[in-house]
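Participant: Chains A and B, in that order, are what the protein sequence lines are.
Using this note's numbering, you'd call the opening residue of the first sequence number 43 and step up by one each time.
Using this note's numbering, you'd call the opening residue of the second sequence number 5 and step up by one each time.
Don't read these hints as lab results, they were simulated from the structure.
Note that the Cβ used here is the ideal one computed from N, Cα and C, for glycine as well.
Every clue listed holds true.
Straight line, CA to CA, 25 Å or less: simulated DSS-like cross-link-like pairs of lysine-lysine:
| no. | chain 1 | residue 1 | chain 2 | residue 2 |
| --- | --- | --- | --- | --- |
| 1 | B | Lys416 | A | Lys125 |
| 2 | A | Lys151 | B | Lys470 |
| 3 | B | Lys23 | B | Lys172 |
| 4 | B | Lys416 | A | Lys115 |
| 5 | B | Lys500 | B | Lys428 |
| 6 | A | Lys364 | A | Lys151 |
| 7 | B | Lys438 | B | Lys428 |
| 8 | B | Lys23 | B | Lys163 |
| 9 | B | Lys438 | B | Lys500 |
| 10 | B | Lys416 | B | Lys500 |
| 11 | B | Lys172 | B | Lys28 |
| 12 | B | Lys500 | A | Lys388 |
| 13 | B | Lys416 | B | Lys428 |
| 14 | A | Lys115 | B | Lys438 |
| 15 | B | Lys163 | B | Lys85 |
| 16 | B | Lys52 | B | Lys137 |
| 17 | A | Lys115 | A | Lys125 |
| 18 | B | Lys500 | A | Lys115 |
| 19 | A | Lys115 | B | Lys428 |
| 20 | B | Lys416 | B | Lys163 |
| 21 | B | Lys23 | B | Lys85 |
Quick look at which bits of chain A chain B covers, simulated, 3 or more residues with Cβ under 8 Å:
| no. | stretch |
| --- | --- |
| 22 | 102-111 |
| 23 | 280-286 |
| 24 | 303-310 |
Away from chain A, derived, C-beta distances all over 10 Å, residues of chain B:
| no. | residue |
| --- | --- |
| 25 | Pro14 |
| 26 | Pro131 |
| 27 | Pro189 |
| 28 | Glu290 |
| 29 | Arg379 |
| 30 | Asp389 |
| 31 | Leu431 |
| 32 | Ala441 |
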Amino acid sequence: MPMLLGDLFIHLTWANALALVLLGLVGGVISGFAGSGAAFIMTPGMMNLRVPGVVAVGSNMAHRFGNNMMGAKRHAGLGNVDKRLSILLLVTAVIGVQIAVWINSTLFKMGGGEGNEGGGGAMSNLYISLIFIGVLTFVGAFMLRDAVRPRDSKEGSGPSMKLANMLSRLPLPPYIHFPVADVRISLWLVLLLGLVVGFLDGTVAIGGFLGVPAMIYLFGVPTTVATGSELFMAMFGGAWGAISYAYQGFVDLRLSCLLLLGSLMGVYIGAYGTKVVKEVLVRLVASSIILLCVVSRAVAVPVYLRQLNFLHFSEGWEPWLKGASTAILFAAGVGGAGLVLFYVVKATLERRKVHATLLIRKPEAEGAGG
Amino acid sequence: MPIVFVSGVPFGGGERLAKELARKLGYAFLDREEVVARANESGIPVGKLEVALVKKPAVQERMVRLRDRYLAVATATICEKAAAGNLVYYGRAGHHLLPGVGHVLRVRVVPEPARRLETVMERLRLPREKAEKFIRDVDEDIRAWVRFVHDVDMEDLQKYDLVVNLEKLSLENAAAALCSIAELPDFRPTPASQAAMQERLLRARARIRLALDERTADADLTVRSSEGVLTITYVPRQAQLAPLIPDVLGDLPGCREIRCTMASTNILWIQEAFRPDSGTYREVNELARRWGAAVELLQYRAGGEEGEAVPVEVAPAAALKAGTGGVEDDLPEAAAGGADSSFERTLEALVQEGRSGGGHTVAGGRDRLVGAISRSVPYSLVVVDNLFLDKAPAARTRMTRELAMFLTDYVKAPILSTADLSSKLHLGRGEVLKAAAAGVLVVLLYCAIFLRQEGLLSVLGGEAHKAAPWVASVLVALLAPVVSVLYGNLLASAMKWLKMD
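Just need the whole structure built from these sequences, with the hints factored in.
Facilitator: Here is the structure:
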């Protein structure tokens, strides 16, 4: 397929435009369902559609820019935003984003490979894929382990607080009290998380995906406040990233608009899904999708290694590897989104069956006393 | 006679005062240790909960669940002991366990600091500095505990009827003074206050039952009660629990009816007069249907401070009459004649719709209203309207708005009037026009982007970009949020029109 402006922007056909809208829809459903960003499927999905990694990251950040604004506004209205926490995270997140943009742009300009998946930026694609695999393997495995491990019946089904309790015992003053989240956290840990979130956001656009669980698992922030505060922070951090990538020439607004068409609708469906599906199943589905995305990216890595002459194998293998990567990714996304839709439809049908409150009246005599 | 709650700090003389008071009055004595022991027997690790709270002040889902169970055990222990006779309780702001119960005397004991320090040094064999640090730490831990458990500041003296400073007053004289005060008519039980205590006991027992039964132990259940009617709400994903709940609670003493409602969330509807054929009812019910919410009715009649939180069938009007010390007139409506049938009909209509979150009545000042709103129920919305019906319309509007603003400090959910609710539910003409305009703009923007791809790509990464890269940044900074906001608003209006928001 021909690329536009050198190797930077893909040529849009009805087929790949539709695939991008579908990718947005699947990502939106999973995003609304898992309560975090869905760049973990959108970024590699775009790369599978031959978008260079760095453009996929930049366009994804631009797509999330407005989404984050809408989400932050909604969460702020519900009182789920801890502005003190968001602002402190943002201080270092902006630095992290800037570092990531610089590294990505430099690697893309180094080039590597030619005309294959992701155009000539094989070095940049390899770097993005490796960061993606490293971080999401850790996050996905942690979430999966937390979802499937046997629990003490008295412990409930909420997220594990072992790490949060461990970190709270570390002597790292000064500590800051965050009024909405109602937690006391070391300033250094908050700044460090901001830097990491900003860097990952700028590198693979998955900062929010890491930021929310980190706030829940590491700081003990309630889930709704973690989501709201991260969105508030990402509204500014993501905007900064999108503008920086645009300045470098790595944002394709056409792709952002196509993703947006599907993703906003998907978020409505996914958010409804959380009301009717057990929290443990939400974590199980989300972690499975993440790990399948990791597998999909891992399958594509040999292609970049070959393009950079780090690995030697027959060129005939490349279409197979790229096809397998795309198939795994879309199967994970469509399967996950399909599962959510299945539960949504099932719950809607079940709800229609419930016409009245279950009422059990006891004989008058038994009501006495107490 | 009242239940006397004495709140104090360790080694501050409060416990000795409470024991002396119980001896002089001939009342039973109960202290926090006994409550904690019973909680531990019920599988609530109170010690661990306290340590976790001190080390990690984050309020976690599991801790909140344990807290609610602890509160249920503490409430049940105190109510059961009080029901058997008179009671003096010594603990940490324990009177907050019985909001709405009038025959409660709330006493705060302020210790004499030097004597307290000496006591700590002597009993714990600590040097002065360590004893001072111990006192500071223990006081802070207790304050944190009270804040976590009751969501109040223990030092807020407005929450007590009496503060006893032991700096000059001896224990014996303080106890003698308290004996006289405890016998005042202001603190005597009334039928309404006793009924309110029975409700608290029933609710606490139901919570304990559900927590101890392995079938329901892990469920997210909300328990409400009113005049022996238990209303349990459960989330849709735990629909299989509905038939189990009556099994678990079936033989609970004092329970005459069990209602189980499936709900994703809860709407609290506060009014003075309810009617099932009113427009507000239809709108609240419509919203509840969309959200899968249970609707809890709270009939509130504003007045002085003499009112009681009373169950459905109790006439709050009787409780409102001032100047009687809240004794003679504070009677259940059954005795005063006729129940509020429109309130009951509204509640019954909600039961038939499958959306009942229970209902109760409260009369009196704002504190009574706040005391009647459960902290353990996760509300998504509070609808406040149709209040202060004896006032002129303008005053009614102002007072309702002031009350809604007052409630924002206590309820985290948004508070709406019925007019706001109506605009939230229905697409007005203005909203339709806005959505249409947003739709047209979205189409125009998409046309501009996709029909002029070459020019756009040149600005984003081609020759034009090389000449002025900042134009791409400005374009992204403007277009990305504008498209998102316009399309988002269009979609939100469409979902509202489809009744799927």
